[in-house]
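Based on these hints, arrange chain A on the given structure of chain D.
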Amino acid sequence: MVPGITNPDGPAEAPDGPVATQLRKGVLEYCVLALLKDGPRYGVELLQELGRFPMLATSQGTIYPLLSRLRRAGLAETFLRDSASGPSRRYYTLTDTGREALREFTTLWPAFRETVDHVLDPGENP
Amino acid sequence: MNNPIEHPLVRAHLDAVTRYTAPLSEERRRELLADLREHVEVSLAEHDPADEAAVRRVLEQLGTPRQIADAALAEDGLTLPEPESARRTNVTLLLAVLPFPLLLLPVAGPVLALAAAVTAAVRVTSSRMWSREQKKQATLLLLAPVLTTPLAAAAFVATSSAGLTAVDVLAACALGFSPVLLAAALLARSAARLRGAATA
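Chains D and A supply the protein sequences, listed in that same order.
In terms of my numbering, the first sequence opens at residue 1 and continues consecutively.
In terms of my numbering, the second sequence opens at residue 1 and continues consecutively.
Mixed in with the good hints, there may be bad ones.
[As the list claims (entries may be wrong)] Only part of the chain D face toward chain A is listed, based on derived beta-carbon distances under 10 Å: (1) Gln-48; (2) Ser-59; (3) Thr-106.
[Stated by the list, open to error] Covered stretches of chain A, going by a simulated chain D footprint (3 or more residues, C-beta under 8 Å): (4) 18-32; (5) 37-49; (6) 56-64.
[Unchecked claim] For each label pair, taking beta carbons as the anchor points, the in silico distance ranges come out as: (7) Glu-114(D) - Arg-30(A): 27 to 35 Å; (8) Glu-6(A) - Asp-82(D): 55 to 63 Å; (9) Ala-45(A) - Asp-117(D): 38 to 46 Å; (10) Arg-52(D) - Thr-79(A): 29 to 37 Å; (11) Arg-72(D) - Val-157(A): 53 to 61 Å; (12) Glu-46(A) - Leu-80(D): 16 to 24 Å.
The set of hints was computed from the structure by calculation and includes no laboratory data.
The beta-carbon is built from N, C-alpha and C at its ideal position, and this holds for glycine as well.
Looking at chain A on its own, in the form it has when it is part of the complex:
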């Protein structure tokens, strides 16, 4: 371990700064992390990389990840977003996965499934917890079945000689609605991250 940046304490510190600065633009965040990395490297250049006391002293003087992140966010007129209630997030996630059981309902299934996905998308965009990028991504994925389901059905028609059977329709719906599961998984992951950042 010759590079002080590789020290587990330094990595944990910088990782925490990365988490807390999620609202920053990618460019600003990269710049801040590069500055901090260089600072640690220069500060520890004359120390034995295994000297844990020196590493701790440098990190202590650097400030807590929260202090650093707050300063960086304030510089850009931002604040760390307050997480919405866990209950609200859970309802949104439930609505995002609900299309799957709903698809099994005859006739009205796909319509109800789409309604659940649209409701989930509305809840995501109206929440203050998610960043603009996350909102855009979740909305695209949640509304994707409008396109992907007919495409999947068309693919089944093109490849089958017997026309569209009931099984084909179900399979096309399952395939077409798979992006909503990805949306739910991504939202669940970032919600857990934000909650971790707010309580740490």
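The shape of chain D in the complex, shown without the other chains:
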């Protein structure tokens, strides 16, 4: 099982201390961009998907300010689409800039992760 993903036996508690908060701060927006990689998603759908990873998000409402910033920074854009049932929905989609930012993060991340692992335990991770 991938750590941090809710297992069916019971929801994993989201770590909520200052260390977890600090770690999330740097990577959460790229994870959101990654969830939009395969096409537009509306807010609730995006947050439900993100909710499968308690390690990443403490509560859904806290993601909207982040989405707002991604939009203002030109990494994502939104459009309204009518729904068969209920109110019309705001969909989030990646812009070219957003796709480029995600690509850069994806390239850097393995080296970043290995570096941190090595610093934490040089013997175990030569």
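Showing chain A alone in chain D's frame:
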């Protein structure tokens, strides 16, 4: 009640978010509230609007108003302002209403009244509790008597044939200083709100 947004629990939740996000710009705040409203609407679209358990579940997943507000403020590099001591606020409010009894003092009354209003304005602007808008508004109202009192006096002179009597002077002062009462009332209201937000 067909719209889930009208549910009392939802309204209370969103009202609390509105209170906690006072330091945000009006535009950002409106956007956040619109996003949250839409989220609740979409999440509850397939439920009976009277299904309270569903409403509670959606709000719980949304997070507490404080969590949401903290995330929104952090995004803009802001924090919820810590309220100053109740004592400091009370002294400021007292100084803001003090001009009225002071006006009754002969000769020095208006000068002392203005001094009290200016001191109150300085205390408001030097406090970290009030937002920039609140500071601007309170300062304008507290210093308004400098203009409004002579204007009121001039109006009395223009309308009375007997020149400016002592009663006219007192009435002009009372009229001219009325903006400070409005300042005190507005400050008292927002202080109560901020204190409520910080302790809830």
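The hints, checked one at a time:
no.	hint	result
1	Gln-48	holds (9 Å)
2	Ser-59	holds (3 Å)
3	Thr-106	violated (24 Å)
4	18-32	holds (count 3)
5	37-49	holds (count 7)
6	56-64	holds (count 4)
7	Glu-114(D) - Arg-30(A): 27 to 35 Å	violated (44 Å)
8	Glu-6(A) - Asp-82(D): 55 to 63 Å	violated (22 Å)
9	Ala-45(A) - Asp-117(D): 38 to 46 Å	holds (44 Å)
10	Arg-52(D) - Thr-79(A): 29 to 37 Å	holds (30 Å)
11	Arg-72(D) - Val-157(A): 53 to 61 Å	holds (56 Å)
12	Glu-46(A) - Leu-80(D): 16 to 24 Å	holds (19 Å)
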